[in-house]
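Protein chains: 2
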Amino acid sequence: MKLFVVGFGCGSRDGMTLQAENIIKSCDVITGYTVYTDILRLFFPEKEYISTAMRQEKERVELALKTAADGRNVALVCSGDSEIYGMAALAFELLHLYPDVEIEIVAGVTAALSGGAVLGAPLTHDFAVISLSDLLTPWEKIEKRLMCSAMADFTIVLYNPTSKKRADYLAKACDILLEYKSADTVCGYVKNIGRDGETHRILTLGELRNESVDMFTTVFIGNSQTKIISGKMVTPRGYRNV
Amino acid sequence: MKLFVVGFGCGSRDGMTLQAENIIKSCDVITGYTVYTDILRLFFPEKEYISTAMRQEKERVELALKTAADGRNVALVCSGDSEIYGMAALAFELLHLYPDVEIEIVAGVTAALSGGAVLGAPLTHDFAVISLSDLLTPWEKIEKRLMCSAMADFTIVLYNPTSKKRADYLAKACDILLEYKSADTVCGYVKNIGRDGETHRILTLGELRNESVDMFTTVFIGNSQTKIISGKMVTPRGYRNV
Chain A
8 MKLFVVGFGC GSRDGMTLQA ENIIKSCDVI TGYTVYTDIL RLFFPEKEYI STAMRQEKER
68 VELALKTAAD GRNVALVCSG DSEIYGMAAL AFELLHLYPD VEIEIVAGVT AALSGGAVLG
128 APLTHDFAVI SLSDLLTPWE KIEKRLMCSA MADFTIVLYN PTSKKRADYL AKACDILLEY
188 KSADTVCGYV KNIGRDGETH RILTLGELRN ESVDMFTTVF IGNSQTKIIS GKMVTPRGYR
248 NV
Chain B
8 MKLFVVGFGC GSRDGMTLQA ENIIKSCDVI TGYTVYTDIL RLFFPEKEYI STAMRQEKER
68 VELALKTAAD GRNVALVCSG DSEIYGMAAL AFELLHLYPD VEIEIVAGVT AALSGGAVLG
128 APLTHDFAVI SLSDLLTPWE KIEKRLMCSA MADFTIVLYN PTSKKRADYL AKACDILLEY
188 KSADTVCGYV KNIGRDGETH RILTLGELRN ESVDMFTTVF IGNSQTKIIS GKMVTPRGYR
248 NV
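The listed protein sequences derive, respectively, from chains A and B.
Just so we're aligned, residue 8 is where the first sequence starts under my numbering, counting upward by one.
Just so we're aligned, residue 8 is where the second sequence starts under my numbering, counting upward by one.
By construction, these hints were calculated from the structure, which means they are not laboratory data.
Mixed in with the good hints, there may be bad ones.
Going by beta-carbon spacing under 10 Å, a handful of chain A positions derived as facing chain B [unchecked claim]:
hint	residue
1	Gly16
2	Tyr92
3	Thr117
4	Ala174
The beta carbon of each residue, even a glycine, is placed where N, CA and C say it ideally should be.
Work the whole structure out from these sequences, hints included.
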């Protein structure tokens, strides 16, 4: 049968696409990380769920593939998009274990987009998305990507800006960016996008350097043109005479 | 009244979020570029539409703001996301003309995500999004962003890869990338994502250099780890022991 890897957006009921909703409704089993299946259980209480613990990514995807190979249609759910720091690639990487399973990837609204909409319009122009988690990526590579993104004058979106073990990573990232960007660069962050307790703040890069954010936060660093209009973070496209 | 700037996704009926659908249904008027209002007219034939021609971005947004200022709820619709190369920023930039209007930005699934899902999972890891259109951006800035993205080993998504006047821009972009990336780098492109005539191809960067694509195409250039699995373009996240 078929494995759908489904991005369900930020976690609000209406942040998911109609396609994601239809697929989740039509599947026999919903699998995923416990926090995500708990969210979906509220919206689709009648479905069957199989959840796995944090950091059990390989086991989670193997179980989803096995369940599909056993003859059931399975939705493996990811918050935001199914590709971006999600499970879609791993499903293809493990497909050799259950080669008869067909995989379909279903896109969702990632935090760069849903968080950007909360702040205003920071992502109008070219941008880069970088995770500060060095669990799976050497920190030197992350540093190089930050440096290159600053040199390119991208708007930059940071995922996983911190964790218990990486409390100082956002400050370290800001220090790299401050070598290339003004301390006045307009920045913003959004916590718990689309969910209870959503909060956001717009501030300068210099202020962000000393800000404390948590792992449920997405951080936005403006490009050289980003400005504040009516309290919103706005990166202009560059239409003339505006 | 209120102006909603709404990203409606790739253009398939079920590619939009429930939020976008609900807002479009609840608004008094739908405004936007003719091609987009024509798409939405198929889905919501009962609504009132006001459409504007290509390149009339400023006039389009002014009209939307004016219509809202006149006391109607307006949805200004953008394909993909409302921020990314969309109209969200311009709405804030022109808000001073009608300062009583309230603006709400509604995110949608941009082509990087919906196109990525067609190709497999190219965007698992850090990535950059760059438009090759030099209508509003100097080509030198675009070249620098391409160069920095290649140095950073980002997966790169190219929007607006070509036009009648810019027939050789994709080749020019590939030439810059080829200075830093192997000609064997896995690439892909998707045309007419989610719509009639959707096609895609996976190929090498060397092949992409000589490929002819049109303006309805989104192009993906893998990072150094991107590979082909079961005919799909897959960028691994880096889970150990996979």
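Status of each hint after checking the structure:
no.: 1; hint: Gly16; in the structure: 7 Å, holds
no.: 2; hint: Tyr92; in the structure: 7 Å, holds
no.: 3; hint: Thr117; in the structure: 7 Å, holds
no.: 4; hint: Ala174; in the structure: 21 Å, violated
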